[in-house]
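Put together the whole structure using the sequences plus the hints.
Number of protein chains: 2
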Amino acid sequence: MFEIKFRDGLGRIGIWEIKGKKVETPNLAVVINPNKMPVSIDWMKKHLNLQIIITNSYILRNSEYKEDIIKKGLHKFYNFDGVIYTDSGTFQMYSQGKAKISNEETISFQQQIGSDIITPLDIFTLPRDNYASASKKLNETLERIKYVESINLPYSFPIQGGLFLPLRRKAVKYANKSYASVFAIGGIVPLMENYDFKNLVRIVSEVKQHALPSKPIHAFGAGHPIVFPLLVLLGVDLFDSASYALYAYEKRMICENKTYSLKDLNYFPCSCLQCKAKKPKEVSIEELAKHNLLMLFKEIEALKAAIQEGMLYDYVEYRISSRPELVKAYRYILSRRKKLLLNYEPSTRRRGFITREEGFKRPMLLIAKNRIKLAKTRIKRNLWGMKVPLSLLLTYPFSQVSSYKGEKEYYKETIAFMNKNPEQYLTDVLSYQFRNNIFQQLNYKKVKYNFSKTTSRLREVIYKDKVMLSLRSYDNIFVPTPEFIRFLKDQNADYPLKVYVSREAAPFVKKGKNVFAKFVEKCDNNIMPKDIVAIYAKEEFLGFGEALLTCNEMKEFERGIAVKTK
Amino acid sequence: MFEIKFRDGLGRIGIWEIKGKKVETPNLAVVINPNKMPVSIDWMKKHLNLQIIITNSYILRNSEYKEDIIKKGLHKFYNFDGVIYTDSGTFQMYSQGKAKISNEETISFQQQIGSDIITPLDIFTLPRDNYASASKKLNETLERIKYVESINLPYSFPIQGGLFLPLRRKAVKYANKSYASVFAIGGIVPLMENYDFKNLVRIVSEVKQHALPSKPIHAFGAGHPIVFPLLVLLGVDLFDSASYALYAYEKRMICENKTYSLKDLNYFPCSCLQCKAKKPKEVSIEELAKHNLLMLFKEIEALKAAIQEGMLYDYVEYRISSRPELVKAYRYILSRRKKLLLNYEPSTRRRGFITREEGFKRPMLLIAKNRIKLAKTRIKRNLWGMKVPLSLLLTYPFSQVSSYKGEKEYYKETIAFMNKNPEQYLTDVLSYQFRNNIFQQLNYKKVKYNFSKTTSRLREVIYKDKVMLSLRSYDNIFVPTPEFIRFLKDQNADYPLKVYVSREAAPFVKKGKNVFAKFVEKCDNNIMPKDIVAIYAKEEFLGFGEALLTCNEMKEFERGIAVKTK
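Protein sequence lines correspond, in order, to chains A and B.
Note that the numbering used here has the first sequence beginning at 2, numbered continuously upward.
Note that the numbering used here has the second sequence beginning at 2, numbered continuously upward.
Be careful, since some hints might not be right.
[To be verified] With a straight-line Cα cutoff of 27 angstroms, these simulated BS3-like cross-link-like pairs (lysine-lysine) come out: (1) A:K77 <-> A:K23; (2) B:K47 <-> A:K264; (3) A:K46 <-> B:K279; (4) A:K339 <-> A:K174; (5) B:K282 <-> A:K22; (6) B:K523 <-> B:K512; (7) A:K490 <-> A:K567; (8) B:K279 <-> A:K6; (9) A:K280 <-> B:K46; (10) B:K279 <-> A:K77.
[Claimed, not checked] These stretches of chain A come out as covered by chain B in the derived footprint (C-beta under 8 angstroms, 3 or more residues): (11) 150-160; (12) 350-358.
It should be emphasised that the hints constitute simulated quantities derived from the structure, not laboratory data.
Model, not experiment: these values are computed from the prediction.
Built from N, CA and C at the ideal position, the CB exists for glycine as well.
Printed below as a string of structure tokens:
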């Protein structure tokens, strides 16, 4: 079960629950190999807020600890009561060319040792596999998944298909019908090893485009912070890292923008306290592995902070600027996955930075470009290659986002305009915010306007002596009151963004409780996150709220808040 | 005294010696206020490789510790035997509008307490000061500096002048004639507070353009990692930070790309071990101050790593991508300070990444664009908007640098060309690397070529049965032997990049010792760092070496290596 707490782009801070244990996503499952443990689980528990680990059942089954693990169970053996995800041996088949274990054997062993998430023995597909080969491998994988599906325990659905998007799509369609707990995109390690991030995001975006939004997505084997930002932007919820240990054994240090060999390093581009006191050459494998873990989790945390701020695109554009291959991948996403990005775009944000030319191709601006056409104001100003009506220049994103291109301040001019033409201002912003041209056609004769005495800013729109709309300061969007619904009704017009909840939820919503996704019966298709929606039960208007989910998500999610009631 | 160890852009890793104590630059002087010390100096010594601190004599003189400090002296009082730099009270005059102390008083107090670097009481000039006012203040500052100059102790020369470049220039010209140990660019804090990084770099580049290259440059009050990359690129050697403490008291957390208020933060974008175990709300002021220091020093170290790798531009282009104002400043530097950047540009690098459109305006490409004109090969390929002769496509930067624009590989084509037309290949690369067209006119009849049997790559150029040039693998530049000098002589031609050392240094150079700057008598003006230069004493050829300094620097520096002898 998965629910969304915060979101930006396709990225989301979510709560993923497995057997009653919670994992906050995006997260990193630390790979634990009992034969090679440079860092103890106790240290990780203490320093990393460790919620999920992943361990390889194939390695365990061939280790000296096998009997002990069977006897104690994984959780006791590792002294870890968070989520333990097990891998199957697939990657060993790929990397070592061998893994003498059958699908049934690995699944029953994982079951036996008390895994929280079981992985079937899927077939690793290589980027060089041709269509026929990738397709054959996928079919075999899907066959094997049937077996794990029959066991009725939480499991991971491997999404294979190599470089072929139709195959990835096929895998996702099967996965959507399964009860798998997580979709694990496999076969991507060779792409990351070759810095082929364009093909990486091509695959991930195809998967995400077709996957049910309520399913957590795991990028199997993604364990370097340089790929996290792009993948989180595309909605990946889980990473895993053996890299922290593998790199440490090779004396390599993971930094957020690159990996250094300790031997080449005279300076320590690192803030982790333990490193600072040392010279690069003095650092032990254990210390290096700890450093690597700290760096990986730092990136996860930084991404969460960016999502919560609504600055994920900004952060991604910063972080891709460290490698040309990341830029190529980002440009691919913006140009070829526009529709996907548009589907998840929130309707407003508090602020934003554009620091690269690609920033002008963000969905935020594509949407704005489209919506300004609904405004009737003829006076326009040039901004970011658009002609923006004066009435909209204080509204998101035109004033909230700044770029390196030296925008002018249109504050005074727009304030003057709203004072001179309040009706035009109102109808333009309403048309823009609701992307609906009815507002230009309604009758505003009985409407009055309140302006701030100190700032001259329009504050409230009055209808029949009651406040019907107030202008929100940070994004210059109108926040409606129930009087607005009445105003629309009086004119036989409809509020454009409606969410319908079931009868049983109505009393709670009326009391101001949030709308949970499972109570949503239907909603207007064009609802975007952060939209102010009207909540209805049948014909009864219950109140307003801010959408946390897209309409698709509201319909599909079984958990979590769909609309935050005002 | 200052010497350069590594360099890139105008940035340099240097050794700055004050009273026998060494500071490796770029560095950060931690500001210590005995009245408010969230972190102990002992902790800093243990964890930060602390080499220099700065403390405010005005605050000390008004503190309860005054007598104690006078008695013990600063070093004993702080239990710190590194460099202690003292500030004068100027900033207090600016920030608090008061500082009841005279220039003579502050200087004599600083002297009395055993400061290693004394700062006179300069007049803080504000960005809003008009020319007349800024000029008057500068004149008063210059007057006051005369007094400290007369004392004959190491001191800091404040460079004031507000936003007026002619005034900054005037200050620098005075400073160049002084024996000051460091040039401290003042009056820039208000610019940084307003994110006016364009004016910041405008001032810094003006100062750097006119300052003697051997003088360390201090950006007074620059204490946030977002400004360090641009300032290091422009040759700033020293920062100082009270920010670590001031921000901590305001519960603000310095991160490499921004500052967070702890109250807004649910996630910790930080890898410092101490933070990881906590929630943002649980962090104490002391822990926050330590975190801030670790972050600041991390940035310094990351910049040193970038300089040493020859990837400073790459790193700067990454780091500016976090704020539009930084991008504006970088664009200013590239477009308006081209000449300054060109003066310090090395002739080769091992690798490079271009991740932003601005990267195509780097001096590296301006130089390449100019030099390819010297090649005679007609077959050309499009690359980065240039038509590059086939003969040069493996030579720096055409193969070493990769961008997001999807370069093609020209390896095979160029190898075929060098096999078919070795003379043309040779003359083109020589003309290009020495930016001199004599090579196209020389007689190559007696010259022979050796190719690698495995790679078909040209390996050596033979003259009179001896190796005259070998092709360096990483940048496809020809490395000469003394036979090359003979070849040139036979044709009455001159080696284009010559450094002349004094007679006394000649025997050492012949033994393979490096050329120290103080022994350089003259050199060809167009020498760039990383150039392979011929070292002469009068008419005697002594050997080859790799320039570490520009010709200007060789003439001016009194310390350090000018040419690394081969």
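Hints, one by one, checked against the model:
Proximity of A:K77 to A:K23 is assessed by CA-CA distance (about 18 angstroms); at most 27 angstroms being required, the pair is judged to hold. Between B:K47 and A:K264 the CA atoms are separated by roughly 23 angstroms; this keeps the pair inside 27 angstroms, and the hint holds. At most 27 angstroms may separate the alpha-carbon atoms for a hinted pair to count; A:K46 and B:K279 meet this at roughly 12 angstroms. Between A:K339 and A:K174 the alpha-carbon distance is near 22 angstroms, which keeps this suggested pair within the 27 angstroms criterion.
A C-alpha spacing of about 24 angstroms is found between B:K282 and A:K22, which places the hinted pair at or below 27 angstroms, so the restraint holds. Using a Cα cut-off of 27 angstroms, the hinted pair B:K523 and B:K512 holds, with the two alpha carbons roughly 21 angstroms apart. As the CA atoms of A:K490 and A:K567 are separated by approximately 21 angstroms, the hinted pair is consistent with the 27 angstroms bound. Between B:K279 and A:K6, the direct Cα distance comes to roughly 21 angstroms. Compliance with the 27 angstroms bound is thereby established for this hinted pair.
For a cut-off of 27 angstroms, the pair hint linking A:K280 to B:K46 stands: about 14 angstroms separates their Cα positions. Taking the CA atoms of B:K279 and A:K77, the gap is near 26 angstroms; set against the 27 angstroms cutoff, the hint holds. With a cut-off of 8 angstroms between beta carbons, the stretch 150-160 of chain A has 0 residues touching chain B; three or more are needed, and the interface restraint is violated. Residues of the stretch 350-358 of chain A with a Cβ under 8 angstroms from some Cβ of chain B number 5, which satisfies the need for three, so the listed coverage holds.
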